[in-house]
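Given chain A, put chain B in place with the hints provided.
Chain by chain, the residues:
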Amino acid sequence: MHQMIQSIVDVLIIIMASILAIFTVTLILLHLITLSNNKRMERIKQRILRMLSAAQDIEYLRGRIHDMLRPDSEIHSLRETRGIQSGHGTIALSMVVKEAGPEQKDRLREIILKDGWYLQQMSHNLQSHNDDRVGTFTKLIAELHLPGFEDTVYDNLHRWKESAEIQEISLLALFMCGEKDKLISLFSDPEFRLILSFRQVLELFSYYSGDHAELYRELLGLECDGYIIRSCIRGIGTEGLAELCPLAMPYLDSDNINLIIDSIRTLGSLRYEPALVRIREHTRHEVWSVRSAAVTALAAISPDTCYPDLLRCLCDKAWWVRFHAAEALNTLPGHPELMDEVSALGDRYAFEMMRYIRERSEIFEKEAVA
Amino acid sequence: MTGFLRAFIILINYLSLFYVLLISTIYFIQLVSAALGLGEYSRSLKYTDYSRFVFSDNMVPISVLVPAYNEAATIVDNTRNLLSLDFGQYEVIVINDGSKDETLELLRDAFRLIKINQPFKRSLETQPVMAIYRSAVHPNLVVVDKENGGKADALNAGINVSMYPVFVSIDADSLLEKTSLAKIVYAFMIDPSCVAVGGIIRIASGCEIVDGEIKEIDLPDKPVLVLQTIEYLRAFLTGRIGFHKMKMLLIISGAFGAFNKQLVIDAGGYTSRCIGEDMELVVKLHKSMMKNKRAYTIKFLPDPVCWTQPPDNFRDLKKQRKRWHIGLIDTLMKHRDMAFNPAYGRVGTVCLPYFWIFELFGPFFEVAGYLTVPISFILGITNLHFMISFFAVAVLYGIILSTGALLLEEKTFRKYPKIGQILKLYFYAALDNFGYRQLNTVYKVEAAFGYRKNKSSWGSIGRRGFVSDTKNRTS
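First to last, the protein sequences are chains A and B. So the first sequence is numbered by my numbering: it starts at 1 and just counts up by one. So the second sequence is numbered by my numbering: it starts at 1 and just counts up by one.
Rather than coming from a laboratory, the hints here were simulated on the basis of the structure. Worth double-checking, as some hints may not be accurate.
Below, computed lysine to aspartate or glutamate pairings styled on DMTMM-like, alpha-carbon distance capped at 25 Å [claimed, not checked]:
hint, chain 1, residue 1, chain 2, residue 2
1, B, K418, A, E59
2, B, K121, B, D266
3, B, K415, A, E99
4, A, K161, B, E40
5, B, K178, A, E59
6, B, K411, A, D132
7, B, K100, B, D316
8, A, K317, A, D253
9, B, K411, B, E177
10, B, K415, A, E359
11, B, K121, A, D347
12, B, K121, A, D132
13, A, K161, B, E208
14, B, K121, A, E352
15, A, K161, A, E223
16, B, K115, A, E327
17, B, K121, A, D253
18, A, K114, A, E150
19, A, K317, A, E352
Just some of the chain B residues that point at chain A, by a computed CB distance under 8 Å [unchecked claim]:
hint, residue
20, L15
21, L21
22, L22
23, F53
24, V54
25, F55
26, V60
27, N117
28, Q118
29, P119
30, R122
31, P139
32, T403
33, L406
By construction, the Cβ of each residue, glycine as well, lies at the ideal position given by its N, Cα and C atoms.
Excised from the complex, chain A in its bound form (with noise of 0.2 Å):
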């Protein structure tokens, strides 16, 4: 027995030893062969490192690519640097997109679109199975604006459905690009999923290249997803495309409470006065999230006559309504007696909400003028 125990513990010992020695060996390899200067060993080092270190190999690259870029280059087209068209060789482009100025970026857009060969290989890489290699090579199409892809990156929405990082990839390309008709077709259809969050679909829409009003306007007239719909409204708002605030009017009345709060802050903000009846009675909606929306959206729009409305919401329930309530007093012209008022309405949490941006107010107030 005891000799049996023995000799499966000194095997593992010749099993974790040999372990511990790779290891050791690869992690000086790594490091030392970093050390040299000498031109040959420089050439060697190289080497070894591209093929140990996916980091090497893009920095060689990467270099190539500048090289590429210099008015006085001597490599005139991708081909020539062995790589270029491998996943490693489209981050190195990737980085020199991101480092490059317009006249470098606009060169190196021309160069790819020229190069026959090199457009055959991201086709071909865009139609692989590989995902890694897909999301690549769709990321450099969305940095410079690629055309002649569309199709293969609207192939691929569909072909990988349950990946978020390609979806959220391959729509940035199609949002970089302006396909305005590629987005509005796969929005209708209702084969397609959304997988990604709300954050990322709107930040999605802050990078198209086209016309976003009429994005927005042919988006609203879809039955589409709602965070296609409330990335709309919310665009609408924060882009100032007044013209479009009847599109949002009827999401005041919707089923969707966030649709609710996005078209409320939206039309608020553009002081569209024909929503400000639905707002204020938005003011008494159930949900505290609605009416804390409302109540500043109602400031905006009606400075001269929410004064009661707001002294009402003052006195809410929502520690967020009172807050936004307080706020919007707080910008109200023309009540010097607020702090007195407030305190009549014998609400102490309305009085301590007040009194807080008051103070809050006027230390940055007195910093300002300091």
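Here is chain B on its own, set in the frame of chain A:
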């Protein structure tokens, strides 16, 4: 009787050996799992780019909570560091938990604090808040002054005062890299079911720190600090990533973690007077989410870095490790109903049993082995070959694990690019197994014996300013 004693000692020897072999195998599986997890993470960074969101209005706004108790040595540098991070909308809330030193006064002077009557929701019970201050120069800095109630209580007070849906807890003796917040919060942005995310903790000692910012990364000179550097690398780059990959992460370090505020409130917040409040909260979140049958993820990301200041002497190290182990025991005891319980999925059936067997009882087996194997050799019960084998296995697995962690570091983040640094780390990775690791095991056993007596006591660890740890360089 002698025959029985002999058989008993042999049994302990075999059990200890078996334990060491088993734990080596488990740690090796963790290492492989971590390598896969790291590879996956690095690949995902290729085309999902968090940097697009750093200053975007669409990024989740966050509250950074810094509990501070007698942190005069580091609090100003720490707060300054937090106020200079690359992130759009965030607030920094420092909670002075009844410090007896000059923590509050230093903050007041450095950031021109003005007392303000701020109403806040008392979602979680805490010790009374005495005052709230806002900075006149940094609109996003809030300082809460409250009666002493411990770290968990301070964090609960911070949660009550916070404005945003996600909070990040940071220790007052830590510093964040500029992009750390964005990286950690990005996890919430892309995954609405994300409940909590932990970042990696690295040792700041030896680095050059200017105005609360890490300027140059280097290793410390003191052996106790280098040993901890290796230990942290091993713990985070193999252990945490391994558990994350296996979807059963149980610890998010209190020094740097991000949480969904409402879900933490729903779970009851941090447990006051609980020493291992960080682990306890994560276990509580697992429990609450599984009980309510809600889909959720708890993640560890190896990229968002928090630099911390570890104990620089063995006396403080002992206090810290005993505290950590008491925290672990406390959490396991509080949630013993979850262990071996299939209702809690793999957390209940694999992860918690692992912690019970290998983290709680394991140190006893290990110490028993360290004692009985040499004794039985002296008494002639076992031979020299067996004794050497036992220690060889124990030492080799430790070195393999540490070297594996170094390899992962070298392959991915390369924070220590100089050959001298890597050789030094390698040397200490080996040295770690000749005394330091065993010492930590002894601390754990001591902690287990003193659990009942010390489970509510914090103890105090000496604090040093960040500058005292840095090397003399002209910057």
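The hints, checked one at a time:
1. The straight-line distance between the Cα atoms of K418 (chain B) and E59 (chain A) is roughly 18 Å, inside the 25 Å bound, and the hint therefore holds.
2. Between the alpha carbons of K121 (chain B) and D266 (chain B) the distance comes to roughly 14 Å, so the proposed pair stays at or under 25 Å and holds.
3. A C-alpha spacing of about 23 Å is found between K415 (chain B) and E99 (chain A), which places the hinted pair at or below 25 Å, so the restraint holds.
4. For the hint linking K161 (chain A) to E40 (chain B), the alpha-carbon distance of about 19 Å falls within 25 Å, and the restraint holds.
5. About 24 Å separates the Cα atoms of K178 (chain B) and E59 (chain A), which keeps this hinted pair within 25 Å; it holds.
6. Distance restraint check for K411 (chain B) and D132 (chain A): the Cα-Cα separation of roughly 19 Å lies within the 25 Å cut-off, and the hinted pair is therefore satisfied.
7. Of the supplied pair hints, the one linking K100 (chain B) and D316 (chain B) holds, its CA atoms being roughly 20 Å apart against a limit of 25 Å.
8. The straight-line distance between the Cα atoms of K317 (chain A) and D253 (chain A) is roughly 23 Å, inside the 25 Å bound, and the hint therefore holds.
9. Under the criterion of a C-alpha separation no larger than 25 Å, the hint pairing K411 (chain B) with E177 (chain B) is consistent with the structure, at around 20 Å.
10. Restraint check for K415 (chain B) and E359 (chain A): the C-alpha separation of about 46 Å exceeds 25 Å, so the hint is violated.
11. Proximity of K121 (chain B) to D347 (chain A) is assessed by CA-CA distance (about 16 Å); at most 25 Å being required, the pair is judged to hold.
12. Among the hinted pairs, K121 (chain B) with D132 (chain A) is inconsistent with the structure: their alpha-carbon atoms are about 46 Å apart, more than 25 Å.
13. For the hint linking K161 (chain A) to E208 (chain B), the alpha-carbon distance of about 47 Å lies beyond 25 Å, and the restraint is violated.
14. Between K121 (chain B) and E352 (chain A) the CA atoms are separated by roughly 12 Å; this keeps the pair inside 25 Å, and the hint holds.
15. With a C-alpha separation of about 20 Å, the suggested pair K161 (chain A) and E223 (chain A) falls inside the 25 Å cut-off, and the hint holds.
16. At roughly 19 Å between alpha-carbon atoms, K115 (chain B) and E327 (chain A) fall within 25 Å of each other, so this suggested pair holds.
17. Between the alpha carbons of K121 (chain B) and D253 (chain A) the distance comes to roughly 30 Å, so the proposed pair goes past 25 Å and is violated.
18. Between K114 (chain A) and E150 (chain A) the CA atoms are separated by roughly 18 Å; this keeps the pair inside 25 Å, and the hint holds.
19. Restraint check for K317 (chain A) and E352 (chain A): the C-alpha separation of about 13 Å stays at or below 25 Å, so the hint holds.
20. The beta carbon of L15 (chain B) is not positioned within 8 Å of any beta carbon in chain A (closest approach about 12 Å), and the interface hint is therefore violated.
21. About 7 Å separates the beta-carbon of L21 (chain B) from the nearest beta-carbon of chain A, less than 8 Å, and the hint is met.
22. With a least beta-carbon distance of about 11 Å to chain A, the hint placing L22 (chain B) at the interface is violated under the 8 Å criterion.
23. A hinted interface residue such as F53 (chain B) counts as satisfied when its beta carbon comes closer than 8 Å to some beta carbon of chain A; here the least separation is about 6 Å, so the hint holds.
24. Look at V54 (chain B): its Cβ only gets to about 11 Å from chain A, farther than 8 Å, so that hint breaks.
25. A hinted interface residue such as F55 (chain B) counts as satisfied when its beta carbon comes closer than 8 Å to some beta carbon of chain A; here the least separation is about 12 Å, so the hint is violated.
26. With 8 Å as the threshold, the beta carbon of V60 (chain B) comes within range of chain A, its nearest partner Cβ sitting at about 7 Å, so the hint holds.
27. The beta carbon of N117 (chain B) is positioned within 8 Å of a beta carbon in chain A (closest approach about 5 Å), and the interface hint is therefore held.
28. Checking Q118 (chain B) against chain A by beta carbon gives a least distance of about 5 Å; that is within 8 Å, so the hint holds.
29. Among the interface hints, the one on P119 (chain B) holds; its C-beta lies about 4 Å from the nearest C-beta in chain A, closer than the 8 Å criterion.
30. This hint is violated: R122 (chain B) has a C-beta 10 Å from the nearest C-beta of chain A, more than the 8 Å allowed.
31. Using the Cβ-Cβ criterion of 8 Å, the hint placing P139 (chain B) at the interface with chain A is satisfied: the shortest such distance is roughly 6 Å.
32. A cut of 8 Å between beta carbons decides the hint on T403 (chain B): the least distance to chain A is about 4 Å, and the hint holds.
33. Because the closest C-beta pair between L406 (chain B) and chain A is about 6 Å apart, less than 8 Å, the hint holds.
Hints 10, 12, 13, 17, 20, 22, 24, 25, 30 from the list above are not met by this structure, while the remaining hints are.
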